[in-house]
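Same order as they appear, the protein sequences are chains B and R.
In this text, residue positions in the first sequence follow the working numbering: the first is 1, and each later residue adds one.
In this text, residue positions in the second sequence follow the working numbering: the first is 256, and each later residue adds one.
No lab work stands behind these hints, which were simulated from the structure alone.
Backbone N, C-alpha and C define an ideal beta-carbon position, used for all residues, glycine too.
Mixed in with the good hints, there may be bad ones.
Claimed, not checked - With beta-carbon atoms standing in for the labels, derived distance ranges:
| hint | chain 1 | residue 1 | chain 2 | residue 2 | range |
| --- | --- | --- | --- | --- | --- |
| 1 | R | 261 | B | 77 | 39 to 49 Å |
| 2 | B | 195 | R | 281 | 46 to 56 Å |
| 3 | B | 125 | R | 321 | 22 to 32 Å |
| 4 | B | 41 | R | 307 | 15 to 25 Å |
| 5 | B | 115 | R | 321 | 34 to 44 Å |
| 6 | B | 160 | R | 281 | 17 to 27 Å |
| 7 | B | 112 | R | 336 | 24 to 34 Å |
| 8 | B | 7 | R | 307 | 21 to 31 Å |
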Amino acid sequence: MSGGARAVLAGLGIAGVVFVILWGAVDLPAVGHYLGPYGDVVTPLAVFARHSTDAVSAVNFDFRGIDTLGEEFILFTSVLGVTLLLRQSEEGAKGEGESEDRAQGRPTPSTGDAVRSFGSGMVGLLVLFGTYMVTHGTVTPGGGFQGGVILATVPLLVYLSSSAEIFERIAPRRLVEAGESAGAFGYVLVGLFGVIAGVEFLRNVVPLGKTGTLTGGGTTVLLNLTVGLEVATGFVLLMLAFVDEALQRRRRAQR
Amino acid sequence: MALTVALQLVALCLLAVLGPGVVLTRDPVRQAIAVSFFGLVLAATFFLFRAPDVALSQLVIGAVALPLMILLALTKVKNREAEQAQTKQAEEGGS
Numbered sequence: 001m002s003g004g005a006r007a008v009l010a011g012l013g014i015a016g017v018v019f020v021i022l023w024g025a026v027d028l029p030a031v032g033h034y035l036g037p038y039g040d041v042v043t044p045l046a047v048f049a050r051h052s053t054d055a056v057s058a059v060n061f062d063f064r065g066i067d068t069l070g071e072e073f074i075l076f077t078s079v080l081g082v083t084l085l086l087r088q089s090e091e092g093a094k095g096e097g098e099s100e101d102r103a104q105g106r107p108t109p110s111t112g113d114a115v116r117s118f119g120s121g122m123v124g125l126l127v128l129f130g131t132y133m134v135t136h137g138t139v140t141p142g143g144g145f146q147g148g149v150i151l152a153t154v155p156l157l158v159y160l161s162s163s164a165e166i167f168e169r170i171a172p173r174r175l176v177e178a179g180e181s182a183g184a185f186g187y188v189l190v191g192l193f194g195v196i197a198g199v200e201f202l203r204n205v206v207p208l209g210k211t212g213t214l215t216g217g218g219t220t221v222l223l224n225l226t227v228g229l230e231v232a233t234g235f236v237l238l239m240l241a242f243v244d245e246a247l248q249r250r251r252r253a254q255r
Numbered sequence: 256m257a258l259t260v261a262l263q264l265v266a267l268c269l270l271a272v273l274g275p276g277v278v279l280t281r282d283p284v285r286q287a288i289a290v291s292f293f294g295l296v297l298a299a300t301f302f303l304f305r306a307p308d309v310a311l312s313q314l315v316i317g318a319v320a321l322p323l324m325i326l327l328a329l330t331k332v333k334n335r336e337a338e339q340a341q342t343k344q345a346e347e348g349g350s
C-alpha cells in the first residue's frame, strides 16, 4: 500500500474514532452528577449491611467476590506463563556454572550514593505504606491489590540501590513461589468458610465488626490479605525473572 | 471548587500532550519511561475526578507494573539478539 493511501485510511479511522467519542460525550452528566441506580443502592448497603466505609472494597471483595477470585487467578496464570517463557533460555546458561560464577563476587557497576541512600531510606516507609494499604481496604481506598504492588516495589528498590545478589538473597525464589501459591489458595479457603458454614461459597460468614474498623467488613480484610500476598509475591517473581535476565547479560558481556 | 476545576483542566491538557508524546517516542526504552509518566498523570486525573480507588489501581499498574513488564520484555529480546550475534561470530570464526 502506498504512503498516501495509508495516510487516507489512517485519517478516516481517526476521524471515525473522534466522531464516536464526541457523540458519546454529548449527553454525559456533569462531573459528580451520577445518574445510574446502582451507586445509590450500593453505598448504603456497603456501610450499613457490610460495615465497610469503602464501597469499592465492599463490592470487590463481598458483593462480587467471585469476580475478584477470577481476576486473582488471571494474575496467577500470567505470572506462571511469564516465568515459564523466561525459564527456557535459563537452561542454556545453567550449563556455564551459574552458582560458581555468582559466588566469585564479580565486580558490578557501582550505584550512585544518592540512589543508594534514597533507596534504602524509602524501604521502611514503603513496607509501612504497603501494609497499611493491604490492611485498610475495608475502611479507605486501596486494598490488597494496590498494597501488594507497593510491597513488591520494596525488593525492586533494594535491587536498584544495592545489587542483584542482595535482591536474590532477600527474595529467595522458593519462598516467593510458596507465598504466591498460599495467597491464591488463601482466597479460595476464605471462600470455603461459607461452604463449611452451610451457605454459599464466598458468603460473608465472619462476624462483622464495628463500622470503620479493620475487621468491620467480615471476610473483606481476610480476602484483602490473601490478595496482597498473592499480588506482592507475583510481582516479585516477575522481577526475579528480570534480574536473572540482567545477570545473564552481564555474565555474557564479561566473557 | 474552582481550584479543583483548574487542576482537572491542567491534568486533561497534560494528558492531551503526553498521549501523543508516548506514541511519537520511537525508542522502546524511552517509551517505557514516557508511558510510566503518562500513567502517573492519568492516575492524578482519576484522583481529581474523585475516583481514588481507580487512581490507586492506575498508579500501581500504569506507573509501575506496565513499564516494568515492557523493560522485562526488552531485556529478553536484547539477550536473544546478543546470543544470536555471538553464535554467528563463533560460526564465522570456526569456518
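Hints the structure violates: just list their numbers, smallest first.
5 and 8
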